[in-house]
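Chemist: Sequences listed follow chains U and R, in order.
Residue numbering for the first sequence is 17 to 543, as defined by our numbering.
Residue numbering for the second sequence is 685 to 1011, as defined by our numbering.
Just so you know, these hints were derived from the structure itself, not from any lab.
Mixed in with the good hints there might be a few duds.
[As the list claims (entries may be wrong)] Residues of chain U placed beyond 12 angstroms of chain R at every Cβ, according to the derived structure:
no. : residue
1   : S46
2   : V70
3   : M130
4   : D223
5   : C264
6   : K371
[What the hints assert, rightly or not] Covered stretches of chain R (chain U as the covering partner; in silico rule of three or more C-beta atoms under 8 angstroms from a C-beta of chain U):
no. : stretch
7   : 895-907
8   : 914-928
We treat Cβ as the ideally placed atom computed from N, Cα and C, and that holds for glycine.
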Amino acid sequence: MMLLEIRNLRIAFRVDRHTTVEAVKGISFSVPHNATVALVGESGSGKSVSAMAVMGLLDPAAAIIDPDSRIIFDGSAVRGKDIAMIFQEPMSSLNPVFTIGAQIAEVLKLHMGMRSAQARRRTLELLEEVGIPDPAQRIDAYPSQLSGGQQQRVMIAMAIACEPRLLIADEPTTALDVTIQKQILQLIAELQQRRGMSVLFITHDLDLAAEIADHVVVMCKGEVREAGPAKQVLTTPTDDYTRALLDCRAALATRRRAPLPASASEAPPLLEVRQLRKTFLLRDGWLRRRTFHALENVSFTLARGQTLGVVGESGSGKTTLGLTLLRLHQASGGSVLFEGRDLLAMPVREFQAYKRRMQIIFQNPYASLNPRFTVGDILLEPLRIHRIGTDDRERMAMAHSLLEKVGLPASATARYPHEFSGGQRQRIAIARCLTLRPEILVCDESVSALDVSVQAQVLNLLQDLQDELGLSYIFISHDLSVVRHMADQVMVMRHGAVVELAGTEALYGDPQHPYTRALLAAMPHHG
Amino acid sequence: MRAWRRLCADRVAMVALALLAAFLLLAALSAAGLVAADWEDEVGVSYAPPLFAGAMAASSVSSAAPAQALPDNPFDPLADDIRALRAQLASATATTGVARRATLPLGGDKWGHDVLKKTIKGGETSIVVGLVAALLAVAIGTVFGALSGYCGGVVDDFFNWFYSIFTAIPSVLMILAVAAVLQQKGVLTIVLILGLTGWTAPFRLIRAEYIKHKAREYVLAADAIGASHWRRMFHHILPNVSHVALVQLSILAVGFIKAEVILTFLGFGVPVGVVSWGSMLNEAQGELLLGRWWQLAAAATAMALLVTAFSLFTDALRDALDPKVKP
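Based on the provided sequences and hints, a complete structural model is requested.
Modeler: In structure tokens:
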């Protein structure tokens, strides 16, 4: 007997009055007692929708569940109290105006019929259980006073408050840093063991699934492609799609090209950053101001045709570094020498010429393209500003050839960004940078928002461009395996300071700093 | 294009748009002198009742028959001239339709003006005042808001200080103060009064949108490719916040049509000899005591129709233009 059995689940969404789109196409899988099942798939695979259907959270006005679909919980229909769910964004799942204690106690009062004093005692026990330090004090804290990891712990406490038999975790660690992710995974695994409950773990990350799950269900475009014990699916996949997914990640485990010959590192650097500092003034109370050091004395060099990887957790200053290099943020001190000329000291007019030579690709391709511009406008604008090409016809021809280079049809110029998928938009953003034929590209988490298979495509594109055009990259990412794949040198940052800077082989093979070691240990290992 | 298609799918919006277009067309025709140019002709008897309420009221007003002509005085040295004048007068009344009409489609005012034509002519003034003043206010508010939100720092402080002064003074007092400074009556004066005092709401909203958008990645990307401040402000950000300005335009136009009524009522409105819905309502307060309700009814109905249509259209326009609203 299975704890949860889903048979032939079919869900369609209403687009308008006449058309519907099928999001889940007759899937079947089951969750055994006392086990963890990972539901793995890329965006749009229908994994979250299926979980919402199990919880009964789908809006009946928008979603149509086929009448032949069966969701059987322990032999009967689903009862609310037996299933709990945690979500990706703990910050938006918690109500910011109530203390965490009040929010957990509310659940206890409503579902377990407890009185206030009793509920508070139980809340303390729960906070203790999920590993919140000093629960007696933290119980009266507001969500904003906790870190992201602690907020997710609170969400977990709230989820297990009613002693559910099934916990659905929808990408619970995606918004968290790697070290925190590791802790939350451990917590979920511990709770699962101790309470003998089952966990349905939804994720896009196969490595994560490999770490936590007993069984794996791989979904793609609303269908189950493969299901079975974790070891079997992840080591000897039978389905092409699963194999492709695994290959995408496996490819990252290796360096792309051989380490550089010693002579290359002696060539004069294209970019040299010395003691770069950036401070922000924060308002602290009424009149007091506090300085926050986002960058503290960052120094490095970048040679032509090389890639510098910058890794660090959120708040480490890696994005600020990228923006400051391009003068999108005003630096507070230090110098950035581009072929010996200090970019930070030169007047705006002179810097305009250097904007052509240094470009940036942002993290979120949904935000970095102006939604009111067509792709043609987006690509022509930099050409017009820098007066490249004699007239618009010639510029348009350049735009077409660039689109071809990044793997998009020339007809894309007449369309708007929102008509493209995330990966395609990132290609458009790359094409926009290439219009200026830059020498240095700053990639700020440029593939982090993309699905694994799309990520691999964009990384390949970046590599091909580097080989073809001799570009130098400053590759900023929180994903250690992506950086290992791309970079010749890696710089580890923490709290705005450089912790370690070494060649990729050396850093991953023999990390010197304890923080680097902790980061590498927290990396989910595949297989 | 998409916004227009979404707007077309909204039936309420299309009805409102049709009504608006009709009003604008009438205003344009009357401005061109094709319609209601003869509104000042005294075609009806004084306080002629409307057609549908006519017959019974008409009898009570029919006393206005022309008086009996005096016989000629043979000793008058000017007898010939007077005879000539009389003949001229008689032929004049004959060409204007002999007698004044006892009823008019929507009734007549004190001088026998046709209220229907008067409403159309008045609409011309009111709609022009509403739209032009709203355009002025939104233009000022958008430019100030864009500068303030985009530049930040000292510029923002300056505009905020200016804004605070404007909003600290009660609006009616402000309007009266500007009216006192401008010292003359006329449509242009009203447009200036309303435009110069009404920019605060769009300023506040546009400034907030600019603060939000200037940190967006697409604006940073524009900076990275070398787009100038001006280009980023008006080429990149403005289309993305234009829905706020457009909706403000509709809201203010409605408000200003009503404000013109109030101004005229207070005596700061249009000059004598120009008709507007405001001046009609002003006249109507005395007439109402005599039981002549039709001028009030005509002006109020026209205004209610226009304002309702404009508001509904505003709502629909906001939904259609906001990229965040899914169809």
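Chemist: State for each hint whether it applies.
Modeler: Hint by hint, here is what the structure shows:
1. Under the 12 angstroms C-beta cut-off, the non-interface status given to U:S46 relative to chain R holds; the minimum distance is some 35 angstroms.
2. The claim that U:V70 lies off the interface holds: its Cβ sits roughly 25 angstroms from the closest Cβ of chain R, which is beyond the 12 angstroms cut-off.
3. Interface exclusion of U:M130 from chain R stands, the closest Cβ pair being 41 angstroms apart, more than 12 angstroms.
4. Every CB of chain R lies more than 12 angstroms from the CB of U:D223, the least distance being 28 angstroms, so the non-interface label holds.
5. No beta-carbon of chain R is positioned within 12 angstroms of the beta-carbon of U:C264; the least distance is around 26 angstroms.
6. At the 12 angstroms boundary, the C-beta of U:K371 falls inside the reach of chain R, the nearest C-beta of that chain being 4 angstroms off.
7. Given a C-beta distance limit of less than 8 angstroms, the hint that chain U covers the stretch 895-907 of chain R holds, as 7 residues qualify and 3 suffice.
8. Coverage of the stretch 914-928 of chain R by chain U holds [criterion: at least 3 residues with CB-CB distance below 8 angstroms; count 4].
In the structure shown, a violation is registered for the earlier hint numbered 6 alone.
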